[in-house]
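Using the hints, put the two chains back together into the complex; each one sits in its own frame.
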Amino acid sequence: MTDNELMFQVRDGNVGKLGQLFERYHEKLYGFFVRHTGKRETSEDLVQDVFFRILKYRQTFRGEAPFTVWMYQLARNASADYFRKWKHETPMTEGTEERQSDDLLPSERVQEQEEHRLLKQALARLSDEKREVLILSRYQELKYEEIGRILDCPVGTVKARVHYALKDLRDEYMKLTGADVKQS
Amino acid sequence: MTTQQHIVDLLPDFLMGSFTESERSNIQSHLKACAACGREYESLSMLWNSLSALPEEKPSPAMRERFNAMLSAYEQGIRHGETLSFWQSLNGFIGRFWPTQPAVQFAMTLLLLVGSFVLGSRTGSEGLPSAAQASDATELAELRGEVQAMGRMLAVSLLQQRSASERIKGVSWTERLPVADEQVIGTLVQTLNYDPNVNVRLAAMDALTKYSEEPEVSSSMVESLAKQTSPLVQLALVEVLAQLKIPGAAAMFRQMLKDEQLNKTVKERIQERLTQLGE
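Those protein sequence lines, which keep their order, are chains A and B.
Counting in the working numbering, the first sequence runs from 1 upward without gaps.
Counting in the working numbering, the second sequence runs from 185 upward without gaps.
Excised from the complex, chain B in its bound form (with noise of 0.2 Å):
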């Protein structure tokens, strides 16, 4: 290295503290004799070692929570195949879902009260005549259909507010649900086609895999993708699809790729995909 040769393209490393020492050694000598370099180091240095001054910002306490919330509601969801007991569900309920809106506070109210009786009838029942605890039995089952009702109105309800963390809860309550009728797959289908928020929109998406199973589910699923703007989504998508196998998708996927504006990424997968699917 001459005074001759100028090294300013090496100072980003200099600065970063690359090179091994004799290097070091040597640009230091270079920006002593070299008065151009030397004046150039001495301005980028002054004013990278005022960045490292800037004070570091510290977010709040509230985003540890938040984000344990969000953890422990997404763990909650993956294990949704496990048999829950009433009570656990209540209390992950409330503790975690407790809506803000004074409607859906008033829909949660009616369910909490319906439940409660579903309680009180089964404690009721305990040494009663066998004929009693049939008829019980009976009364039992259509509580318990009120109960599935009210959570789907719930469910319904969640996912039309405005904010998306809300709606996030409305479609982890359809997850709870033991069966989705036809309002809920509706809205679901609703809210994975147009919902603003991408993770709201991912999630429906999630929601909808558990009833792919049912042609018209999985038929919404192959015709959203067109519908999808952005890439995440449309890559989740893809995944979901080609893994599931479901019917449709290899040609959902070939019409997608004709579109030029296709996100790059989201073009590989789909070849990816289609290869394997032996397309």
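This is chain A alone, in the form it adopts within the complex (with noise of 0.2 Å):
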């Protein structure tokens, strides 16, 4: 069964469905949450609230785009809601700590995770819009089309937005490392 017609049986009564398009879902969007705020337990809390929200808003689902579209749409609200209540909270500052892969030699895994910490301190380092485009794009399996119905600009906009945040995640690597990652 599609999404969007799981979907429409929660928007008719049948909130039960809700329990499949969570399976499919909810580590998706702890991982958007995650890597946007870099806090753990608020992601979990995050993904929790735009379930709840799902079950709210079901009547409003009309299934014009993607289910994941309106849920993205629902994540962001959540996620503005929550940083506007917690205003001294911000969304990133420095990124998760590391987990241990296994399948690595010590000498390589603390390259790696030396490298992967680099990396999230330079995610951390851009703007909340930049960050959200790129995680959109890069691990949410989402395409242009479907981001610049959830950002709500145009397909060209978004498009410029990915290119300028990898332009600037660029820059902001290269102050961390020193390294030559050349730009024209």
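Keep in mind that the hints were calculated from the coordinates and are not lab data.
Glycine included, each C-beta is placed from N, C-alpha and C at the ideal position.
A couple of the hints might just be wrong.
[What the hints assert, rightly or not] Which residues of chain A face chain B? A partial, calculated answer using Cβ under 8 Å:
(1) L21
(2) F22
(3) G31
(4) V34
(5) D49
(6) D81
(7) K120
(8) L134
(9) R138
(10) L166
[What the hints assert, rightly or not] Stretch-level coverage of chain B by chain A, calculated; a stretch enters the list once three of its residues show a Cβ under 8 Å from a Cβ in chain A:
(11) 245-259
(12) 372-384
(13) 445-451
[What the hints assert, rightly or not] Far from chain B, by Cβ distances over 10 Å, these chain A residues were calculated:
(14) T2
(15) R11
(16) G63
(17) D128
(18) K130
(19) P154
(20) G178
See below:
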């Protein structure tokens, strides 16, 4: 059953079907929040909030766009509400702490962890807008057109933002490493 | 595509794997021939690939439990019209709503004590003469009244808790009360107007909708629209007020439209609903 078919059932009162959508998307959503905020507990709360909102607003689902577009719109609202309320918290500071992978030699692991740490730091230094567009395009398996609908902007703007975000990421990464990831 | 035309604008699409095979091959040829574009592509693609190497984070297993608890509480909430047996209510409550605050736990314990006594009276009356049964029935009704009062106290106590999830439980508990009195309604209205958490406010709105036929409740809901700051709650209230055709809603909608700061989506929705209401 497609996402939209499931959501239509949820909308029409068979709310138990939301369980299937949860299974399909809670990890992706968690990834979206944790990469954006760098905060694991906050991200779990936000995922819960998104599914709560899906229930609350199920009557407003029209299915004109894929379910994921609607879900990420709710996710952005949940995140904005959260950081508006807790003004002293910022979405990202240093990135999340690395968890170890087991199949590497200790020296390789150290190097890999260092690269990841720097990349996360570089990501954390981007503006929220740029970090968000990179996360949506790189990790959420969304097309530019879908991202445009989520962010409510034309596809051309999404592509330009991805490009600028990558350039900024490169600059920040260079500052952190001193490495020559040469730009034009 | 010539080497004179730079193609950096196409790189985001190229990185995403868009374009047909022949278009991709043209772009690759250009990248080899044009040093500027080639360098730009090389550095961007290196970062693009590094991003995918960042390990995925997994949520804790507790998240699924929390979701399941929320879903079953919600399902129960939308079925509140159906009659549940005392035991079903009790089991459901213990499973999902056992409070964490000592004061509320005390209230809950008292509630269970009275509840047990009611059940004891019910089973104890079997086989007794009809006069004794009638007396027991009166006693039973009184005790049920006490259970209702305790349930009300519990709901109101939960609504005062600091934790948002406890307050949501409080709202859910009010929906289980067969009759909501002035105190419960008043607390729900306060919650709808002033609770700092959007989800709690939305839950309170849903609970109040059940009593919207009472003029005081419906007018409180209309007035609450002006107090809301979150577009989400505004949208939800506009929908409910318009759907139930609550008196005074249209006037409030028009008043809202005068606010220049009003969220664009809310504004559009209000205009749609005003048209539907024939205003």
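(message) Check the structure against each numbered hint from earlier and tell me which ones fail, lowest number first.
(response) Numbers 1, 13, in rising order.
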